[in-house]
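Take the given structure of chain A and dock chains B and C to it, following the hints.
Residue numbers (the working numbering), protein chains in the order written: chain A, 1 to 189; chain B, 1 to 189; chain C, 1 to 189.
None of these hints come from the bench; they were simulated from the model.
Virtual Cβ for every residue (Gly too), placed ideally from N, Cα, C.
A hint or two may mislead.
The calculated lysine-lysine pairs, modelled on DSSO-like cross-linking and capped at a C-alpha distance of 30 Å, are [stated by the list, open to error]:
no.: 1; chain 1: C; residue 1: K62; chain 2: A; residue 2: K62
no.: 2; chain 1: A; residue 1: K62; chain 2: B; residue 2: K176
no.: 3; chain 1: C; residue 1: K176; chain 2: B; residue 2: K176
no.: 4; chain 1: A; residue 1: K176; chain 2: C; residue 2: K176
no.: 5; chain 1: B; residue 1: K62; chain 2: A; residue 2: K176
no.: 6; chain 1: C; residue 1: K62; chain 2: B; residue 2: K62
DEER-style ranges, computed between Cβ atoms [said to hold, decoys possible]:
no.: 7; chain 1: C; residue 1: Q14; chain 2: B; residue 2: S36; range: 31 to 39 Å
no.: 8; chain 1: C; residue 1: V39; chain 2: A; residue 2: A38; range: 19 to 27 Å
no.: 9; chain 1: B; residue 1: V21; chain 2: C; residue 2: L50; range: 48 to 56 Å
no.: 10; chain 1: B; residue 1: S36; chain 2: A; residue 2: T54; range: 22 to 30 Å
no.: 11; chain 1: C; residue 1: V174; chain 2: B; residue 2: G43; range: 41 to 49 Å
no.: 12; chain 1: C; residue 1: L31; chain 2: B; residue 2: W40; range: 25 to 33 Å
no.: 13; chain 1: C; residue 1: L31; chain 2: B; residue 2: S36; range: 14 to 22 Å
no.: 14; chain 1: A; residue 1: G52; chain 2: C; residue 2: G30; range: 25 to 33 Å
no.: 15; chain 1: B; residue 1: N10; chain 2: C; residue 2: D4; range: 51 to 59 Å
no.: 16; chain 1: C; residue 1: V60; chain 2: B; residue 2: S160; range: 51 to 59 Å
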Amino acid sequence: MSVDLSRYDNAGFQRGRSAVVEVAWMLVSGLLFRHSLAVWNGGKVGALRLFGATVGEGAVIKPGVRIKFPWKLRIGDHAWIGEGVWIDNLADVTIGSHTCISQEAFLVCGNHDYTDPTFRLRTAPIVIEDGAWIAARAIVCPGVTVGSHAVLAVGSVAVSDLPPFAVCQGNPAVQKTTRRIGTASEGRA
Amino acid sequence: MSVDLSRYDNAGFQRGRSAVVEVAWMLVSGLLFRHSLAVWNGGKVGALRLFGATVGEGAVIKPGVRIKFPWKLRIGDHAWIGEGVWIDNLADVTIGSHTCISQEAFLVCGNHDYTDPTFRLRTAPIVIEDGAWIAARAIVCPGVTVGSHAVLAVGSVAVSDLPPFAVCQGNPAVQKTTRRIGTASEGRA
Amino acid sequence: MSVDLSRYDNAGFQRGRSAVVEVAWMLVSGLLFRHSLAVWNGGKVGALRLFGATVGEGAVIKPGVRIKFPWKLRIGDHAWIGEGVWIDNLADVTIGSHTCISQEAFLVCGNHDYTDPTFRLRTAPIVIEDGAWIAARAIVCPGVTVGSHAVLAVGSVAVSDLPPFAVCQGNPAVQKTTRRIGTASEGRA
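Chain A extracted, bound-state conformation (with noise of 0.2 Å):
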């Protein structure tokens, strides 16, 4: 059997705002957000809770970040935004607090189910708990939840949940290691 795009229909989905709210977005999302030069955070943080993000003390929002919708967007307290990292929220995305999203990284939360002849798209939620590293380039798939503390290696993609305190790895990501933080190693700083 083979899929027909042509029946795709997405009418159910829910984008939580009107299309005058959305265009909106992407006016301010250009000016301030999609671009390589550097804009006041305080600015940037401002207009992300006016769109119905909630954002926590000292967040940062590096260059070049691109949010869908701002509305479906939970950010905590010093968590670190990197630059060029694209989160496509089509369902809510929670970043916990002491979080860094390194460069480029890539949330993602719309998928497709790919045994359906009509190719009905698949949203889900993701989280990332308090204290996690989503690392340069990785991927977080739809409904991943990445556990506090893990950390997701350069490149990799997380196609389903990882522990807390996980190091994975790979496409799809692995756990390799345990993280371990000590106090120890404050004296290297």
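Chains B and C in isolation, oriented as in the chain A frame:
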């Protein structure tokens, strides 16, 4: 023995159109394709056809798409070219009907012979057969044919042909399962 | 124990130039480098040298290249920096002669100590030795030396040194074969 790039010579490479046409395409591409703003899909399809591409009915071209040579591109009916897709088609690229090329996927036709002291350019066509899905940030290498209804998973790299209905993952991508399309799933929509 | 990014402190990091020079570079980079339009190669090479880079004869810089600190960059003779390459050189990056850094490859010198409660910044230099090839969308991690004439395959991630003439693939990249450069292949050109 070592490589000597000062001896590199791609004079034999056929770009397919005059420099004037190429510059005109760059301008059109910059105006209609290569930015993040929404542009009327019919205008983009018309521009591709004007520059020699074959584009089917119902094809959708999202923002930020990069196409090297439209005159070396064929897109079928109801094919989707996702946001930020890069079609680096130094050779012919054929994208079948009812295909989905997701966000930032990369179809690359250019390679080098690394056994050659002059690092000779090698180009080879890519074929994405009907119903296939190239998921987000996946890469299809020169000369690869992605079989009908095959799936290349998120961030995976196809370095050799994918069999029809194969679901492939990893770098290099290997078959993980077989895609089965059924009417049963329609009830879930 | 958990990480506390409010205690993060990178005051010890040496940027290498004053803020004025950095802003000037950002402007020049925006004008000459960071867009998709073709710019005279000699102008780009001259700008890099003006900002402290060492650039050899015959080096080619394609459009869309991102360089963090030109004063921490050395490029050899007849080296190619491909479209959209990102050299995030918080530490020194040395790119040898007759090297090819292909499209959207990423050389990243910044890391964090994830065992440290303050998530201490760690930077380490990258060396790409003569004749090596970093293929499209590949990633070279901090501190890695890519040996002479080694090849890092498309989309692969080098997390440790690659031996000379090794052909490496995957995430993490492992050696798959050895590069042999012969005069025999010249007949095929």
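Right, here's what the structure says about each hint:
Among the hinted pairs, C/K62 with A/K62 is consistent with the structure: their alpha-carbon atoms are about 25 Å apart, no more than 30 Å. Note on A/K62 and B/K176: the hinted pairing is violated, with a Cα-Cα distance of about 37 Å set against a maximum of 30 Å. At most 30 Å may separate the alpha-carbon atoms for a hinted pair to count; C/K176 and B/K176 meet this at roughly 21 Å. The hinted pair formed by A/K176 and C/K176 meets the criterion: a straight-line CA distance of about 21 Å does not exceed 30 Å.
This hinted pair does not check out: B/K62 and A/K176 have alpha carbons roughly 37 Å apart, beyond 30 Å. Between the alpha carbons of C/K62 and B/K62 the distance comes to roughly 25 Å, so the proposed pair stays at or under 30 Å and holds. The hint said 31 to 39 Å for the Cβ distance between C/Q14 and B/S36, and at roughly 35 Å that hint holds. At roughly 22 Å, the beta-carbon separation of C/V39 and A/A38 lies within the given 19 to 27 Å, and the hint holds.
Between B/V21 and C/L50, the C-beta spacing of about 35 Å breaks the proposed range 48 to 56 Å. Here the CB-CB span from B/S36 to A/T54 is close to 24 Å, well matched to the stated 22 to 30 Å. Between C/V174 and B/G43 the C-beta distance comes to about 47 Å, which sits within the given range of 41 to 49 Å. In this structure the supplied range 25 to 33 Å holds for C/L31 paired with B/W40, their Cβ-Cβ distance being about 30 Å.
For the hinted restraint 14 to 22 Å between C/L31 and B/S36, the CB-CB distance of approximately 20 Å keeps it satisfied. The beta-carbon spacing between A/G52 and C/G30, approximately 31 Å, falls within the hinted interval of 25 to 33 Å. In this structure the hint that B/N10 and C/D4 lie 51 to 59 Å apart at CB holds, the actual value being about 53 Å. Checked against the given bound of 51 to 59 Å, the beta carbons of C/V60 and B/S160, roughly 30 Å apart, lie outside it.
In this structure, the earlier hints numbered 2, 5, 9 and 16 are contradicted, and the remaining ones agree with it.
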